[in-house]
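So the sequences go chain by chain: A and B. Numbering-wise, the first sequence is residues 129 to 312 according to the numbering used here. Numbering-wise, the second sequence is residues 357 to 593 according to the numbering used here.
Source of the hints: derived by calculation from the structure; they are not laboratory data. Some hints here could point you the wrong way.
[As the list claims (entries may be wrong)] Heads up, incomplete: computed chain A residues facing chain B, CB under 10 Å, no partners named:
hint, residue
1, Asp131
2, Gly145
3, Pro170
4, Pro172
5, Arg197
6, Ser280
7, Lys294
Here a beta-carbon is modelled for each residue, glycine too, at the ideal position from N, C-alpha and C.
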Amino acid sequence: MPDKADDVRLVERIADGDAEALGELYDRYGRVAFGVLYRMLPGPEAAEEVAQDAFHAIWRQAHSYRADRGSVRTWLLAICRNAAIDWRRTRGKRTEREVTIEAAADLVSDARVDERVVSLIRAEHVRAVVRELPVEQRQVLALAFWGGYTQSEIAARTNTPLGTVKSRVRLAMNKLRERLEEER
Amino acid sequence: MRSERHPTEDLPAYGLGSLDETEREIIAAHVERCAQCTGDLAQFEDALYEAAAVGAVEIEPPRDLRTRIVLRHRGARSLGGPTWTSRIAQAFIHPVPLAVPAVLALLLVVSFAVVGMNRQQIDTYERALAGVASGRVVALAPTSANPDARAAVVIPDQGQPYLVVRLPPPPSGKTWEAWVLKPGPKAVAAGTSTAGDVFVLLLTTPLGAGDGVAITLEPVAGSQQPTTQPVLLVDRT
Chain A
129 MPDKADDVRL VERIADGDAE ALGELYDRYG RVAFGVLYRM LPGPEAAEEV AQDAFHAIWR
189 QAHSYRADRG SVRTWLLAIC RNAAIDWRRT RGKRTEREVT IEAAADLVSD ARVDERVVSL
249 IRAEHVRAVV RELPVEQRQV LALAFWGGYT QSEIAARTNT PLGTVKSRVR LAMNKLRERL
309 EEER
Chain B
357 MRSERHPTED LPAYGLGSLD ETEREIIAAH VERCAQCTGD LAQFEDALYE AAAVGAVEIE
417 PPRDLRTRIV LRHRGARSLG GPTWTSRIAQ AFIHPVPLAV PAVLALLLVV SFAVVGMNRQ
477 QIDTYERALA GVASGRVVAL APTSANPDAR AAVVIPDQGQ PYLVVRLPPP PSGKTWEAWV
537 LKPGPKAVAA GTSTAGDVFV LLLTTPLGAG DGVAITLEPV AGSQQPTTQP VLLVDRT
């Protein structure tokens with residue numbers, strides 16, 4: 129597991145223009161970032177293209193990273209996710225987006241995790257926490273996270289009142305935070 | 357902050373990125389000035405992205421992806437440093453007359469000029485850089501004028517430095533012009549090219565230690581000083 133202080137030092141080196149530090153950050157998180165992109169995008173070529181764009185964004189935004197706003201892992205994966213959503217909105221075809229959403233069945237998966245990022249024991253705990261959520265809450269999380277849909281879009285897509293979708297998002301996120309933070 | 361309510365109801369959805377644009381902007385403005393909500397948001401996002409790391413597909417990225425990412429940024433500055441803006445701004449606000457005659461570009465290439473599709477151009481560009489046998493490769497950073505542009509200076513162990521460039525063909529009557537940025541600062545013309553896609557441009561001006569390099573769009577005969585903002589640049593090689 130990468131040390132959080134080491135992660136922050138890497139980002140500081142990147143902000144100073146150290147491309148080797150960018151490579152070291154890639155060594156730590158490149159595989160999981162690629163796995164996230166692969167799940168959000170229609171194929172390996174798109175994931176590869178967006179991964180390069182995302183690491184370029186990391187390079188450009190390194191000076192604005194603030195540790196009090198979350199871990200480097202969260203910051204990096206959020207940049208990757210946003211890059212994937214942008215790609216789908218501007219480059220992806222509607223059919224590709226639909227296919228991707230169909231694959232976004234759940235927030236977590238049973239795939240083997242990258243132990244450099246999440247330990248096996250912790251991954252089991254995360255899976256258990258997510259799977260304790262009611263299926264409707266898991267569905268809105270997956271549609272919003274992997275699909276990049278807003279609450280209004282989810283309401284229209286699932287034919288559910290917007291207030292209900294908002295309530296599910298709030299309950300699911302509060303539960304995730306409560307259960308994962310308390311044992312961190 | 358005395359009378360402003362915390363957006364407790366919507367903060368989880370903001371962390372998930374599922375708010376509509378208007379709602380998102382309101383929450384973002386609040387979080388920017390509220391330490392409590394900043395802390396709460398960090399916890400929501402850390403929990404969410406930890407779960408996402410467990411949801412990622414198990415797949416090995418392409419073997420050369422790391423190399424390409426590092427190569428693209430080696431020698432280019434991140435946007436935080438003061439040198440980048442100050443030096444480049446000076447060079448382009450107060451350009452000096454040519455110290456070296458502008459020589460028309462020696463246009464090489466193009467065993468790979470047959471490509472047409474953007475994806476192929478990307479591959480060709482990256483393969484060209486990956487194939488550099490010896491010497492240093494320093495990436496130029498694209499500017500907002502053309503974020504998809506790519507270029508790198510290749511400084512061989514022996515011989516003349518050159519640029520590997522990925523840019524569209526210039527408009528009619530225009531040319532891409534390379535500049536060597538000397539201390540001072542002054543910009544010295546270093547060659548032109550009317551090629552497009554992926555091409556090589558030999559630098560016709562000697563590149564000293566620490567000199568910068570930029571590319572601008574100029575009239576087809578070339579300019580004695582830059583007349584437009586750079587599309588690609590690195591302030592130090």
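Going down the list of hints, with the structure as the test:
1. A least Cβ separation of about 16 Å between Asp131(A) and chain B goes past the 10 Å threshold, and the interface hint is therefore violated.
2. Against a cut-off of 10 Å between C-beta atoms, the interface hint on Gly145(A) holds, since the closest Cβ of chain B lies about 4 Å away.
3. Hint status for Pro170(A) relative to chain B: violated, with the closest Cβ pair at about 13 Å, above 10 Å.
4. Of the supplied interface hints, the one on Pro172(A) holds, with its beta-carbon coming within about 8 Å of a beta-carbon of chain B, less than 10 Å.
5. The restraint placing Arg197(A) at the interface with chain B holds, with a minimum CB-CB distance near 5 Å, inside the 10 Å limit.
6. Residue-level restraint check for Ser280(A) holds (minimum Cβ-Cβ distance to chain B is 6 Å; threshold 10 Å).
7. The closest approach between the C-beta of Lys294(A) and any C-beta of chain B is roughly 7 Å, which is under the 10 Å cut-off, so the hint is satisfied.
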